Amino acid sequence: MNILIAPILSALCAVSGDTGSLVLQAEVVHGPDGPIEDGRILIRDGKIEAIGAGLELPEDGHLIEVEGHLSAGLVAMGDQTGLKGEALDSTRQIMDGADLAFGYDKTDDGWGAFLEAGVTAVLLTPKPGALVGGRTAVVKPAGAMVQRRAHLHVCFSNAAFKSGVAPTSYPGAISMLEQRMETPTGGFALLGKGLGVLLAAKTRAEGLRAVAFAKRHGLTGALTGVSRAGDLADELHDAGLGVILPPIGAAADPRVAASAAILGKKDIPLAFSLGATNRSPHALRISALRCMKAGLARDAAWKALTSGAGEIANAPVGSLAVGRAADMVLWSGDPLDLTSQVERVWIEGKQVHGDDDQ
Amino acid sequence: MELPRPSCLTETDDPSTQMHIDTQPSRRGTLTALLAPALLAWAPTISAQEPADPPAETQIFIKAERVIVQPGKELKDAQVLVQGGKVLAVGTDLVAPEGARVLEAKVVCAGFIDPWSTLGLDSASASLADTNILTRAVDALDPFGSAVHLQAALRAGITGYGVALGGKASVKGLGAFVCTTNRADGGLDVLLKDSFIGATVGSSGDAFDRIGYAERLVKDIKAGEEYRVDQVEYTHEITKWRTEIAESEAKLEKDFKKAKKSRDKEIKEAKEDDKKFKEESYKEDRQPRKPRFDAEKEAWARVAEGTLPLVVEAHRYVELSALLDGTKGFDRLRLVIAGGTEVLPLAATLVERSIPVIVWPTPLGSQRPAGMQAHDLSLAGALAEKDVRVLLGSGGTSGTRDLPLLAAIAVGHGLEPEKALAALTTEAARALDMGNILGKVRAGYRADLLLLDGDPISTTTSIRQVISAGKIAFNVEGGQ
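Keeping their order, the protein sequence lines are chains G and S.
Number 240 in our numbering belongs to position 57 of the first sequence; there are no gaps in the numbering.
Number 517 in our numbering belongs to position 448 of the second sequence; there are no gaps in the numbering.
Derived by calculation from the structure, the hints in this document are not laboratory data.
Owing to the predicted nature of the structure, the values given are computational and were not obtained by experimental measurement.
It is possible that part of the hints are untrue.
Said to hold, decoys possible - Taking CB as the label site, the calculated pair distances span:
1) S:K145 - G:E220: 21 to 31 Å
2) S:A443 - G:V348: 35 to 45 Å
3) G:G229 - S:Q436: 33 to 43 Å
4) S:K145 - G:R481: 24 to 34 Å
5) S:T161 - G:P218: 27 to 37 Å
Yeah, the Cβ is synthetic: ideal placement off N, Cα and C, and Gly gets one too.
Just need the whole structure built from these sequences, with the hints factored in.
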């Protein structure tokens, strides 16, 4: 990347403060309404104030022209970085009042890899080992909390069953959840009032039970963990739920990626999960590419990495819309081309990754 | 039949852009069609004298904005004619033979090759622990159980791959070169049953253990070399022995009458003197002993003499260094490093000995295998920067379909696109002894071709058609 116009980036690093505004001009800006050639984005106080082609430079502003593509940061779902042992409390089966936000460790060394991969928001989820594993949180790799309570995490897979501790069966699990829904308290009472539901399942049958539960109670949120959720496309569409796609590994059944294409054709909101702390955040883009190769439309894949994922995360992330935090990534080229690299990352207008001496 | 080279194909000296003239009768029809402008006046004569044209459905004529003959060598607005499973001609002024199927593409390049895969093996065999040098990957191919993965790899543009058993076994055995397309009977098309020998060094243990693995491998190669020397010496000795025997027999034959006369005289004299006749004996030289046949040493001998490449997965500096040190005396050994996580400091040795490295540029999370703690996506670019021959592979997994994505990642981390394409085509073919038939869009080469709508290494490029052995194996528009 070359910076073509001075004054240079010492100003950029401080743009979230009170030193004025910044206008970034890139070859392509991936705005909320699509790519803008030679687009500009005006940032003030860490937020996006305007976006478009030919924006006027404010009197107090700096214009910086960069080569490459500027986009919103990617949004990773279903990660446990920084949670360590906090990702699963094995002593209780229902923890509707447990906020994963309290387990968030912003000093964890793993966050650097997220910035290197262009990820600026992460949905922290519990490991699926309890019937209700707690409330998810949306955080930023550079240390900010975006959404302390995003979803209630409910596990419909047999991973929630433990010997001698209720529930030990699918009917038992549904029964326990229905009882909670009858007289909702704690996290259950917040469902539909700003708190979404994250339905964890593995098999198609588990997914069907989860979707039916959400539909019965008019819950909004997403299904996560079902490899071939495309088989449930009609049910998901009827229930108005999104899908967090599981990590698609190199040896995964090709039908898993093809499943994403089926969901995309139904306009079901999609996002990509990392699924485990061991997975490189680079896997997000690779999963999206695998789905594209299997037929997922380019726009749908990009949305699943950014704005669509933000919607599923129930948090204002993944878009360069006016008013949003200036969480941005400068790519060396098309962000959906793996030959493109992350050059720089800004979170809330502050550069947190990449060279700043160019 | 001697045919004049058409003027439209003589603009370049590059043999890859020249028409391959095949005088086989079955191809005359094609040549007639191709050379239509030049041979127009002769056509009636030829058609009157020659047999009818071969069935045109076997011919595919591709028109492309760019034909990447090989990395670094391109033709603009060029054509490729495919017939009989091979590329028959590549040029810029070819004319479609009548009846040929015509395809159009923005870009045409050779099919991709994954030199480090377990695709197509049944899952249990892929990670066998008790393999040896005689274990053959072809014996564990399961095209039916792997059908969806093979199809995905084909759609991703991989037309051939090197496959070995054994997971992390010290010696994996004979690797094969396999095509991603099925034969008519459902089996896999195996181009080479014995393409290479696979091995692993340093998958476990401390530094001394890992050095020990390297030394054991070197010892095996040495044993193979000695076995071959013994065989060669035996061949010389037995030849010499047979010659000497023959000479002795000839001499005896020649002297037979005289010797018989002399013997008869001696018998007579002994009888007269009442003495016991003492027969003169001729002592033959002892026949040289044939070395005992040893199948494993025989295979190691093929490694030592360079008949088979040796692909060794090794990651850490200690064992890589031990391996390179231990094998430097084997001048004909064709070593290939797979993995090579910490091989960069040894780049000079790799260049000097022309040892390629198969890099697996896959993103890994924080919990990596012990040997891959230093795994870095920039390895391929850094090695290529130092002029090391770089190949790209799917890491000995069945994820061969990811190869183009991995190549893009490598490019994103510093590998030049041209070298990435070479890694997927020419270099991979060369390393696995297929360089004379695969990896290029060139007359005479097997017609494994990709028809693309953009740059081959870009992940936003779509593959429109995959041609394998001259047949359309995948067509994005459906049909064949």
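Against the structure, the hints come out as follows:
no.: 1; hint: S:K145 - G:E220: 21 to 31 Å; verdict: 27 Å, holds
no.: 2; hint: S:A443 - G:V348: 35 to 45 Å; verdict: 43 Å, holds
no.: 3; hint: G:G229 - S:Q436: 33 to 43 Å; verdict: 34 Å, holds
no.: 4; hint: S:K145 - G:R481: 24 to 34 Å; verdict: 28 Å, holds
no.: 5; hint: S:T161 - G:P218: 27 to 37 Å; verdict: 35 Å, holds
Hint violations for this structure: none, all hints satisfied.
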